[in-house]
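Chains as they are written, first to last, in my numbering: chain P, 1 to 355; chain F, 1 to 251.
Just so you know, these hints were derived from the structure itself, not from any lab.
One should not assume that every hint holds.
Stated by the list, open to error - Computed cross-link-like contacts, SDA-like style, restricted to lysine to any residue with a CA-CA straight-line distance of at most 25 Å:
no.	chain 1	residue 1	chain 2	residue 2
1	F	58	P	187
2	F	58	P	207
3	F	229	F	201
4	P	127	P	87
5	P	201	F	229
Okay, here's what each chain looks like letter by letter:
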Amino acid sequence: MGELVLMKGNEAVAESAIRAGCRFFAGYPITPQNEIPEYMSRRMFEVGGQFIQAESEVSAINMIYGASGAGARCMTSSSSPGISLKQEGISYIAGAELPCVIVNMVRGGPGLGGIQPAQSDYFQATKGGGHGDYRLLVLAPASIQEAVDLTALAFDLADKYRNPVMILADATLGQAMEPVEFRHQAPDKLPAKPWATTGMKGRSPNIINSLYLIPEELEKHNLRLRDKYEAMKRDEVRYETSHLQDAEVVVVAYGTSARIARTAMEKARAEGLKVGMIRPISLFPFPTEAFDKAVKAGIREFLTIEMSTGQMVEDVRLATNGQAEVRFYGRVGGVLPVRDEIIAQLRKFTGGRCC
Amino acid sequence: MQVIAKRPMALTDVPTHYCPGCTHGIIHRLVAEAIDELGLNEKTIGVAPVGCAVLAYKYFNVDMHEASHGRAPAVATGIKRVLPENIVFTYQGDGDLASIGTAEIVHAAARGENITVIFVNNAIYGMTGGQMAPTTLIGQRTTTSPDGRMVERAGYPVRVSEMLSTLDGAAYIARVAVTDPANVNKAKKAVLKAFRTQVERKGFALVELLSTCPTNWGLSPREAIDWLKESMMAYYPLGVFKDTTGEGETK
Chain P
1 MGELVLMKGN
11 EAVAESAIRA
21 GCRFFAGYPI
31 TPQNEIPEYM
41 SRRMFEVGGQ
51 FIQAESEVSA
61 INMIYGASGA
71 GARCMTSSSS
81 PGISLKQEGI
91 SYIAGAELPC
101 VIVNMVRGGP
111 GLGGIQPAQS
121 DYFQATKGGG
131 HGDYRLLVLA
141 PASIQEAVDL
151 TALAFDLADK
161 YRNPVMILAD
171 ATLGQAMEPV
181 EFRHQAPDKL
191 PAKPWATTGM
201 KGRSPNIINS
211 LYLIPEELEK
221 HNLRLRDKYE
231 AMKRDEVRYE
241 TSHLQDAEVV
251 VVAYGTSARI
261 ARTAMEKARA
271 EGLKVGMIRP
281 ISLFPFPTEA
291 FDKAVKAGIR
301 EFLTIEMSTG
311 QMVEDVRLAT
321 NGQAEVRFYG
331 RVGGVLPVRD
341 EIIAQLRKFT
351 GGRCC
Chain F
1 MQVIAKRPMA
11 LTDVPTHYCP
21 GCTHGIIHRL
31 VAEAIDELGL
41 NEKTIGVAPV
51 GCAVLAYKYF
61 NVDMHEASHG
71 RAPAVATGIK
81 RVLPENIVFT
91 YQGDGDLASI
101 GTAEIVHAAA
111 RGENITVIFV
121 NNAIYGMTGG
131 QMAPTTLIGQ
141 RTTTSPDGRM
151 VERAGYPVRV
161 SEMLSTLDGA
171 AYIARVAVTD
181 PANVNKAKKA
191 VLKAFRTQVE
201 RKGFALVELL
211 STCPTNWGLS
221 PREAIDWLKE
231 SMMAYYPLGV
241 FKDTTGEGET
251 K
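Just chain P, with the same shape it has in the complex (with noise of 0.2 Å):
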């Protein structure tokens, strides 16, 4: 059993990955997730690794592009005008087959936006986000324990699938502080890499590379890593699933959202609304199972709640396939949901049946 420290959300992240065993980290400063690249400015020397701050998050991704193709468990953060920067690289990356772990601390946009939390980022992580046929496994903690946690997992499933693993929190989880205890322990050998650019040492060369000028060739590679990211959504989606047993309406959210959305379902059943939530944890892959179960045990509603103007609230709909009512309720720009306008929302949709 480990102890209890109090940190701060972006810090606890880097510390988590240090224990993952990354040891190389390139970043570039952008708020709200500063404290990720200044703990690693110091931390990551301590444990003989390499920390860079690059002049552009252009080049820090493709320094994270070098780094995983010498083999070095290897990570990135920033927030979102920065992962835009990341994109091309993102898309190299996962082109090339590498392994990192990518860290977005989402604040509102488009553009400049704010410095606020959003989760405006959800079409741009889960659907590809860079040019060509990908997908990332998408993590979404909706605490800083949690954020540990899934920071640790993320370099276990980036080395299992040779692909990019995001951890999609935003400014809240970044900047809050909570009690954590860092449970993951980095295994004692880190898987081989027999792929990685090393230098030869008796075998022939190894290449690291995304281009394949022949169709045919570059259509069996789009094809196997099809197969990959199926697989991915065969064994490696997360969820969390409260009071489904009797619920009558079921909101839908993620991270800091979900944090607020089951304050509210509380309350709501306090007050003897019938409400369930799911909440997804892996973004992609996303959870369709648990809209399966919960529309074959005859729930009908579903109210989706993001710090966005309806992002995943699409992947919900696809999810129940047309079997039930999915609305949506989103605030923007920085402003949190509030409790009691989410139980306003789950009100209306329950015609006010009871209370």
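Chain P is already provided as a structure; the job is to place chain F on it using the hints.
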């Protein structure tokens, strides 16, 4: 029978895609000879660019990493920081290094990254069909400067070696040409020195090699060599612009 010339071990035995008369082949050979002569074959990682040398990963018989356009110095930085005992080089053209990748090359040099950069300057975008490059000379016709590069429209060509030599992090910066045996021999020495600078952990090293593009210049290979000597060398003088390795040769 005595073998007096053979393919360096650091080159693979495949035909290249380069156009007839293009000097990329000579430059590939110089890099490979340097790797062979310093015995670096099993510890070298090359970073290929986007541009004419995009397929360099097929030609160098060492571990290779294909970068995105202009980002090779950032990729090389990541590799070298993770594997400081290995030898890391980038091979980049003038569009890649002097246009889209200016931030990456400037900051790799400023940080004094202990890498070797092979910079091939042929004053044009070759792979995409002959567009104007940041290194295209004033008056030079390209597909995007059809009346010749005009200052009022496109400004001035960039002298990369001179610019980078102002940075304290740069240890060795030289410009050479591969126009004739005498210049090829000088180029060979510069490339060798740029690798040795890294082996001896003396910092960032870059060799700019003036190179021909007969296809997109619209010249025969011979005319291209002459044009390089007359026009390019006038704007891009050969020489050593920076040498802090303690071995002299500073201009």
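Hint numbers contradicted by this structure | The structure conflicts with hints 1, 3, 5, although it agrees with all the remaining ones.
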